[in-house]
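Q: Taking the hints into account, I'd like the entire structure generated from these sequences.
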Amino acid sequence: MRVDELITLDHPKALEVYRHSCAHLLAQAVQQLFPETKLAVGPPIENGFYYDFLRDRPFTEEDLARIERRMKELAEQDIPIVHKWLPKEEVLRYFESRGEIFKVELIHERGGDPVSCYQQAEFLDFCKGPHVPSTGYLKALKILSTSGAYWRGDERNPQLQRIYGTCFPTATALVEYLHQLEEARRRDHRRLGTELDLFSVQDSIGPGLILWHPKGAVIRRQLEEFLYEAHFRRGYQVVYTPHVARLEHWRVSGHLDFYRDYMFPPMELEERVPYQLKPMNCPFHIVIYKSRRRSYRELPVRLFEFGTVYRYERSGVLHGLLRVRGFTQDDSHIFCTQDQIEAEILGVLDFIREVLGTFGFHEYKVYLSTRPEKFVGTLEAWEVATQALQQALERVGLAYAVDPGEGVFYGPKIDVKIRDAIGRWWQCSTVQVDFNLPERFDLTYVGPDGHPHRVTMIHRAILGSMERFMGVLIENFAGAFPFWVAPVQARVLPVSDRHADYAVRVQHRLFQQGFRVEADLRDERVSAKIRDAELEKVPFIFIVGDREAAQETVAVRVRGLGDQGPWPVAQIEAHFHRLRASRRLDLWPPEG
RNA sequence: GCCGGCGUAGCUCAGCCGGUAGAGCGGCUGAUUCGUAAUCAGCAGGUCGCCGGUUCGAGUCCGGCCGCCGGCUCCA
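Mapped onto this note's numbering, the consecutive letters of the first sequence carry residue numbers 239 to 830.
Check the hints yourself; a few may be wrong.
Beta-carbon label-pair distances, calculated as ranges [to be verified]:
1. Asp588 <-> Arg763: 45 to 53 Å
2. Glu829 <-> Thr410: 37 to 45 Å
3. Pro827 <-> Thr408: 34 to 42 Å
4. Leu382 <-> Arg348: 26 to 34 Å
5. Gln665 <-> Glu300: 52 to 60 Å
6. Ser383 <-> Glu829: 47 to 55 Å
7. Gly643 <-> Thr410: 39 to 47 Å
Quick caveat, the hints were computed from the structure, so don't treat them as lab data. All residues carry an ideal CB built from backbone N, CA and C; glycine is no exception.
A: Structure, rendered in structure tokens:
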């Protein structure tokens with residue numbers, strides 16, 4: 239965007255400009271109402287904007303209400319927003335005289351001479367723009383929340399008061415956005431977790447530690463069975479490993495030096511040899527690989543485990559299932575030769591596509607994370623490993639962005655984010671190439687020449703963490719799970735007591751074939767039972783009365799579709815078998 | 001960890017300026033035997049997150065701790 243470019247409302251960047259101007263409006267209002275406040279920065283963000291302020295007291299609810307009112311008044315006054323090129327000296331003197339230390343710092347750092355500034359009435363800000371021509375353009379705006387934020391995002395710097403807001407060109411667009419927020423709240427996995435009785439987190443157990451209730455455990459088991467089966471088909475071997483290992487092992491792996499901040503403290507046993515709860519599974523798979531000599535003929539060796547790890551996460555970052563302290567990874571380590579790396583990465587990328595596609599996730603964002611500041615190994619090894627990942631991505635034609643310095647300490651990685659039903663992105667899969675742990679643990683295979691060669695490791699997880707993925711699933715489906723994962727797949731509702739026997743017969747018939755079917759024999763009206771089953775998002779409701787009992791049918795009610803009329807139990811049974819086997823996401827109709 | 005808000009029955013929440021706790025849902029019991037989103041009635045259920053302080057008296061005020069929520073920073 240050039241400053242002098244004409245930007246109309248249909249321009250892709252229009253909303254950004256609009257919100258940026260709204261951030262200025264916020265700052266103007268704040269400085270009018272609270273003149274002692276100093277300005278930091280105020281950019282547009284994905285769904286709105288924020289502005290950071292330095293102030294000794296935080297903003298209260300009433301403050302925010304006043305600020306919003308003032309913003310609307312200023313918008314109504316339709317104050318022209320004027321772009322100015324001012325001499326650097328003059329601008330610096332201006333901000334210095336006002337004690338605007340952050341502005342002065344910013345101008346020194348990135349201001350040219352003359353300096354680009356924007357002015358609306360008495361309010362002047364250092365800014366490259368562009369902006370809307372006047373405050374009157376800013377129609378539908380709303381202050382949303384406040385928070386603390388560090389100057390330049392560094393927690394060693396002073397903490398500022400951030401005010402978040404959003405704005406749209408029309409009131410309807412704003413209302414629509416607020417509805418979206420409402421929709422996200424409705425799908426919140428923490429809320430649904432309680433409502434559907436899937437899991438809990440309890441004070442007595444500890445923050446970030448998940449208890450899976452029976453219904454949540456059913457879902458998890460379906461995922462596990464699916465993944466075990468899929469791994470088996472792709473030549474992986476399942477292993478199980480302990481949750482703790484001698485601390486010394488973590489010293490060799492480098493975790494003690496490079497990952498200590500994320501580990502639970504070591505524990506000392508009677509013989510005074512310290513043990514460490516595991517933050518990762520790789521050091522265990524490594525020793526399984528190393529337990530005997532390996533020939534090049536058996537590579538690649540692909541070890542897979544639902545490995546539960548524990549990481550110390552700072553209390554403020556915990557969030558339901560999405561950020562926890564104990565979680566289970568669908569973790570695998572592939573041990574292969576250098577020549578096999580590319581094929582293995584391609585295989586993993588294909589595997590990711592298959593697994594995530596099964597849940598209906600087809601849109602991805604891919605990131606290549608490169609060497610971080612603290613790392614083990616040589617620069618050459620990092621270079622080769624990064625190349626390998628990059629080549630694989632280019633080979634399959636996946637668009638990706640580079641995330642500099644975001645790799646793990648032992649290697650670079652590919653991260654995959656998926657888009658959910660309401661457009662949010664979640665990090666799940668990860669693929670990492672590692673030349674370093676094989677070195678540290680002296681992992682070799684015997685080549686055709688009869689000599690030992692260094693093996694290469696690929697770390698990968700597809701769902702990432704069972705906890706996080708299930709949180710994403712809950713939100714994605716809003717608790718209305720596909721047939722194959724639904725905790726209760728069908729519920730049979732007798733119309734009155736005398737149909738209870740038939741209801742139980744239907745239930746048993748399906749239950750015997752491994753379907754999760756319940757009969758609701760409570761002394762309630764049918765409509766009450768329907769309501770309860772609907773609220774629990776049970777995919778199929780079968781209502782049985784005199785007509786159904788006489789004809790060996792059930793009156794089918796499908797989640798989201800309503801009454802589908804009578805169907806022979808035999809046909810329902812066949813439909814269920816097909817639904818389960820195909821892991822189809824829709825429920826109806828039975829054909830295809 | 002940091003900033004702000006919050007913590008009352010299983011869940012959602014009410015409780016004014018301090019006077020000793022309430023609703024709806026859920027649970028239990030009884031009546032009702034009912035055809036596509038809530039049948040009626042009765043009953044039970046709370047050391048008001050924990051510890052300390054102020055006060056004649058604390059769910060209410062103050063302090064500390066624990067936890068949760070929105071962010072910051074960070075991540076599977």
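Q: Each hint needs a verdict: does it hold in this structure or not?
A: Do the hints match the structure? See the list:
1. Asp588 <-> Arg763: 45 to 53 Å: holds, 51 Å
2. Glu829 <-> Thr410: 37 to 45 Å: holds, 41 Å
3. Pro827 <-> Thr408: 34 to 42 Å: holds, 40 Å
4. Leu382 <-> Arg348: 26 to 34 Å: holds, 28 Å
5. Gln665 <-> Glu300: 52 to 60 Å: Violated - the Cβ-Cβ distance for Gln665 and Glu300, about 38 Å, lies outside 52 to 60 Å.
6. Ser383 <-> Glu829: 47 to 55 Å: Roughly 49 Å apart at Cβ, these two residues keep to the hinted range, so it holds.
7. Gly643 <-> Thr410: 39 to 47 Å: Holds, since Gly643 and Thr410 (Cβ atoms, about 42 Å apart) stay within the stated range.
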